[in-house]
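Residue numbers (full-length UniProt numbering), protein chains in the order written: chain A, 1 to 525; chain B, 1 to 525.
Think of the hints as simulated: they come from the structure by calculation, not from any bench.
Watch out, some of these pointers could steer you wrong.
Incomplete in silico selection of chain A near chain B, CB under 10 Å [what the hints assert, rightly or not]:
(1) E258
(2) G361
(3) P364
(4) M464
The calculated DSSO-like cross-link candidates involving lysine-lysine, where the alpha carbons are at most 27 Å apart (straight line), are [stated by the list, open to error]:
(5) B/K232 x B/K487
(6) A/K487 x B/K280
(7) A/K251 x B/K288
(8) B/K487 x A/K251
(9) A/K516 x B/K516
(10) B/K15 x B/K232
(11) A/K516 x B/K487
(12) A/K487 x B/K522
(13) B/K280 x B/K251
(14) A/K487 x B/K516
(15) A/K288 x A/K320
(16) A/K31 x A/K15
(17) B/K312 x B/K288
(18) B/K232 x A/K251
(19) B/K31 x B/K15
(20) B/K251 x A/K487
(21) A/K232 x A/K487
(22) A/K202 x A/K15
(23) B/K280 x B/K312
(24) A/K522 x B/K522
(25) A/K232 x B/K251
(26) A/K15 x A/K232
(27) A/K522 x B/K15
(28) B/K522 x B/K487
(29) A/K516 x B/K522
(30) A/K251 x A/K288
(31) B/K280 x B/K320
(32) B/K320 x A/K522
The C-beta atom is built at its ideal place from N, Cα and C for all residues, glycine as well.
Here is what each chain is made of, one letter per residue.
Number of protein chains: 2
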Amino acid sequence: MQLTGELLIGQHAIKGTRDPVQAINPATGYKLEPVYNGGSSNEVEQACALAWQAFDQYRETSLEERAVFLETVADEIEAIGDALVERAVAETGLPEGRIQGERGRTCGQLRTFARVVRDGEWLDVRVDQAMPDRQPMPRTDLRQRHIGLGPVVVFGASNFPLAFSVAGGDTASALAAGCPVIVKAHGAHPGTSELVGRAIQKAVSRCNLPEGVFSLLYGSGRDVGTALVSDKRVKAAGFTGSRSGGMALWKVAQSRDEPIPFYAEMSSINPVFPLPEALKARGREMGKAFVGSLNMGAGQFCTNPGLVIAIKGEALETFKQAATEALADANAQTMLTPGISDAYREGVEHLSQRSGVTELGRGPTGEGAYTCQAGLYAASAQTFLADTELQDEVFGATSLIIECVDSDELAAVAEHLEGQLTATLQMDDADMDSARALVPILERKAGRILVNGWPTGVEVSDAMVHGGPFPATSDGRTTSVGTAAIKRFLRPVCYQNLPDELRPEALRESNPYQLKRLVDGKRED
Amino acid sequence: MQLTGELLIGQHAIKGTRDPVQAINPATGYKLEPVYNGGSSNEVEQACALAWQAFDQYRETSLEERAVFLETVADEIEAIGDALVERAVAETGLPEGRIQGERGRTCGQLRTFARVVRDGEWLDVRVDQAMPDRQPMPRTDLRQRHIGLGPVVVFGASNFPLAFSVAGGDTASALAAGCPVIVKAHGAHPGTSELVGRAIQKAVSRCNLPEGVFSLLYGSGRDVGTALVSDKRVKAAGFTGSRSGGMALWKVAQSRDEPIPFYAEMSSINPVFPLPEALKARGREMGKAFVGSLNMGAGQFCTNPGLVIAIKGEALETFKQAATEALADANAQTMLTPGISDAYREGVEHLSQRSGVTELGRGPTGEGAYTCQAGLYAASAQTFLADTELQDEVFGATSLIIECVDSDELAAVAEHLEGQLTATLQMDDADMDSARALVPILERKAGRILVNGWPTGVEVSDAMVHGGPFPATSDGRTTSVGTAAIKRFLRPVCYQNLPDELRPEALRESNPYQLKRLVDGKRED
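Required output: the full structure, derived from the provided sequences and hints.
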């Protein structure tokens, strides 16, 4: 397919008129054609108007229709074929295998949400039957279901050009919830975005849905992003990116006449706790495996392990030595964009100059202009507790080891942590008591707790939580990965005493979706 | 029980040191003993510290322990006996029967949440079993449950001294979710608050729970309320009251270093749509019944019908005439406080002076100083569409009838509405098409849609939604009445690859709570 550089507004493709966005191949530094001119307030207006028009019809599609639509989006993305992989590789510098895997995950995610839509549990149907003879007051029939919040704006993320972008997690869960979606493409991969956007456009048309179910805009977060989040027809937004960018848009969402949910997944340093017995038993292997997780994808994951917290001693020295050695061989991979590369260098520089922070080692520098030189630093718990800036995320393959004098200090460091996406325990059976003391703290700090794994790698499944207390996200009550993500775009509505024909399908007496409803406090079998 | 005027901090009772709060009997204008001195930053600090200390233990109480605690609170409230009714009547001017009913509802609500806690569905347990042989990557065991957000601040409401106050809906759902609660008592009924607070204190002690599970503070919303919502150990808050008060505290919650969920139920005028055929068939009865709902409890309900929207014509004239006649007999009841009475008078005065608004009638003035003179006004749809101030809530028994020229204009008025707690259709079978056209609009506007009833009267049940889009509430994703309210105080946590003995009870292999879990995408039978 020939890329045209156009914005996709419903079923239309329109050339933008504002400042151009152009992808750069971070492996070569060359610009990639075509140029994507940003959208103006005109295109924002059109996309919002179409989304609003589409909402009432789209949210009342049957479960089957909506599921088929999600599956059709997946089919259409696969139908793009190699061109999608090639373009994404060129725009991101990520290896082909990674992009292929991400495509599989993206399409798998859409099909998983199709299953969730068909199951219908997300409707959370509750029926309180009328009790006309109840004393002192009769009860009228009450029924509850969930409906979509309204049009949703999704911000594409730089680090997952497919799985967290145009047809990524937020888009899949919002569409599953019955919400039209307007995507603000990330400027780092506009071509990949256009390809996927056109695939969704085709699926909308093939499924005979109202065109406003999907639009795709390019432009700066500050202009197009702010305009979208400010529009009164937009009722929620999903964002994955930096803390400064997320909080700026979050403030826009909260400053509207009608504040809206703004789900920003922003900043996490994902502490890893190698517990004493595990450290003794396998400090060397652990140090090596840790660097493998740290340097994966040049460390450009939300769940990258940016912090190691352990008790000082010989075993920790072994871990540090093994990690430092592994670091010397850690392949310097190309980072996603020149901007991310610059920010990484500045972040490492800032970290290395904090008082009390010592450098344990650096990885190879690599050959490209935008490669990521891995880094490992250490500081005492006292230093860490005294300097909140040591919790700032350095997006890339750099980590900081916090050395504690004893388990009390380790617990104090855990309590001092900001909210996280993940927290990881490396433990042996003999560490059970130490682990038991930490888990209650970590439950308050993180959305996901791991044992004897590494936080990178996020399963798309029912039990996954990719979320967590602020500042990991702006709203720890939900997840952005996994099937529970559908809940973030829903709200409950109660119907009191409606004639059966006026009730929505899901609430009819005949229970046409064969849902296991909560009827008079009992779950149907 | 002798009232002492003390703040309840955990198991302690402490005399406050700040500005005094003293109840006024609105029927007589006399002050009621004792004086309640407000809490200082010291008491706020103590209550927050105790709540924080209690959280980890309280949230891990077994389902049975927690359910028994909620039932014990209900028992202890009932054990207060007549003293509670007498004091609440004196402090609010509400009739004895109403207070008795509210006590029944409050205790019933606590027992209903005990049932919800035991059922355990709120845990939303999900298990994705390990697939060690999966290609290309193995899957590790993933399990999800929900835990409480942390200590919750609850603001007592003036209009429900029991059901929306110290042991009201927010307290019951927060305690059910495993969150310690700190209540900021409403200044209008401090004695009722102390009685109920001491009942909860006793229940905490009888159940051997950590004392910080509950505290009760007096003082101004501006001082004590702001201090509580600002405290970093507080993780959510529930509020029922005015839009200005709710939004002021909401802003505090959003301006913290760590923003927190702030559930404010604020402002709703609860439109009623008498549809044409119903109006023709029973305009007279409807007009009378409408005034009954309007004047109930002096109109001091969040769901009071403050707006009637209908198509002009003879049938509407009949409705108006019947309503105006009924109004002439509408008993002028005592309002809750001098402040509410003043605000009502000002609100009516403001409404009556808006351009295009005509007075249809006023009720009797009544004899007390703070009685509510009911009022009925009318305006054209054009007037309403042009003047957003006509959507301002007048808290009390006053309503505005909007006259539309046709069904298109009626739909335009519906679209123009702000978010509401409820929207009501009065309809006959022949109105089905008109109703079908309105329901999609009303679903976007309101948390509850009623047919052929009146919005006053909120059932505590599974299907109830007492919520709705802004400004009815600050967060339309939840409800403050009914069992689904437990969800507002929960967040999901995922446990990856934990040894079984390290898992929380609800996630153990043996499934000790016999929950119907979602296992590998299938709901257990």
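Hints and how they fare:
This hint holds: A/E258 has a C-beta 5 Å from the nearest C-beta of chain B, less than the 10 Å allowed. Checking A/G361 against chain B: minimum C-beta separation of about 29 Å lies over 10 Å; hint violated. Taking 10 Å as the C-beta contact cut-off toward chain B, the hint placing A/P364 at the interface is violated, the least distance being around 27 Å. A least Cβ separation of about 6 Å between A/M464 and chain B falls short of the 10 Å threshold, and the interface hint therefore holds.
At roughly 21 Å between alpha-carbon atoms, B/K232 and B/K487 fall within 27 Å of each other, so this suggested pair holds. Restraint check for A/K487 and B/K280: the C-alpha separation of about 43 Å exceeds 27 Å, so the hint is violated. Of the pairs offered as hints, the one joining A/K251 and B/K288 is violated, with about 47 Å between alpha carbons and a cut-off of 27 Å exceeded. Restraint check: the Cα-Cα separation between B/K487 and A/K251 comes to about 25 Å, which is no more than 27 Å; the hinted pair holds.
Only pairs whose Cα atoms come within 27 Å are accepted, and A/K516 paired with B/K516 is accepted, the gap being roughly 12 Å. Among the hinted pairs, B/K15 with B/K232 is consistent with the structure: their alpha-carbon atoms are about 25 Å apart, no more than 27 Å. For a cut-off of 27 Å, the pair hint linking A/K516 to B/K487 stands: about 19 Å separates their Cα positions. For the given pair, A/K487 sits about 18 Å from B/K522 by alpha-carbon distance, which is consistent with the 27 Å threshold.
The suggested pairing of B/K280 with B/K251 is violated, with an alpha-carbon distance near 47 Å, which exceeds 27 Å. Taking the CA atoms of A/K487 and B/K516, the gap is about 19 Å. The hint holds against a cut of 27 Å. A hinted pair counts as satisfied when its Cα atoms are at most 27 Å apart, and A/K288 with A/K320 qualifies at roughly 9 Å. With a CA separation close to 19 Å, the supplied pair A/K31 and A/K15 stays within the 27 Å bound.
In summary, the hint linking B/K312 to B/K288 is supported, as the alpha carbons are separated by about 18 Å, within the 27 Å threshold. Distance restraint check for B/K232 and A/K251: the Cα-Cα separation of roughly 20 Å lies within the 27 Å cut-off, and the hinted pair is therefore satisfied. Under the criterion of a C-alpha separation no larger than 27 Å, the hint pairing B/K31 with B/K15 is consistent with the structure, at around 19 Å. Between B/K251 and A/K487 the alpha-carbon distance is near 25 Å, which keeps this suggested pair within the 27 Å criterion.
The suggested pairing of A/K232 with A/K487 holds, with an alpha-carbon distance near 21 Å, which does not exceed 27 Å. For the hint linking A/K202 to A/K15, the alpha-carbon distance of about 19 Å falls within 27 Å, and the restraint holds. This hinted pair checks out: B/K280 and B/K312 have alpha carbons roughly 11 Å apart, not beyond 27 Å. The suggested pairing of A/K522 with B/K522 holds, with an alpha-carbon distance near 19 Å, which does not exceed 27 Å.
Annotation: proposed proximity of A/K232 to B/K251 holds, straight-line Cα distance about 20 Å (limit 27 Å). For the suggested pair A/K15 and A/K232, the alpha carbons sit about 25 Å apart, so the restraint of at most 27 Å is met. A threshold of 27 Å between alpha carbons decides the hint, and for A/K522 with B/K15 the separation of about 46 Å lies outside it, so the pair is violated. Between B/K522 and B/K487, the direct Cα distance comes to roughly 22 Å. Compliance with the 27 Å bound is thereby established for this hinted pair.
Restraint check for A/K516 and B/K522: the C-alpha separation of about 13 Å stays at or below 27 Å, so the hint holds. As the CA atoms of A/K251 and A/K288 are separated by approximately 41 Å, the hinted pair breaks the 27 Å bound. Using a Cα cut-off of 27 Å, the hinted pair B/K280 and B/K320 holds, with the two alpha carbons roughly 12 Å apart. Of the pairs offered as hints, the one joining B/K320 and A/K522 is violated, with about 44 Å between alpha carbons and a cut-off of 27 Å exceeded.
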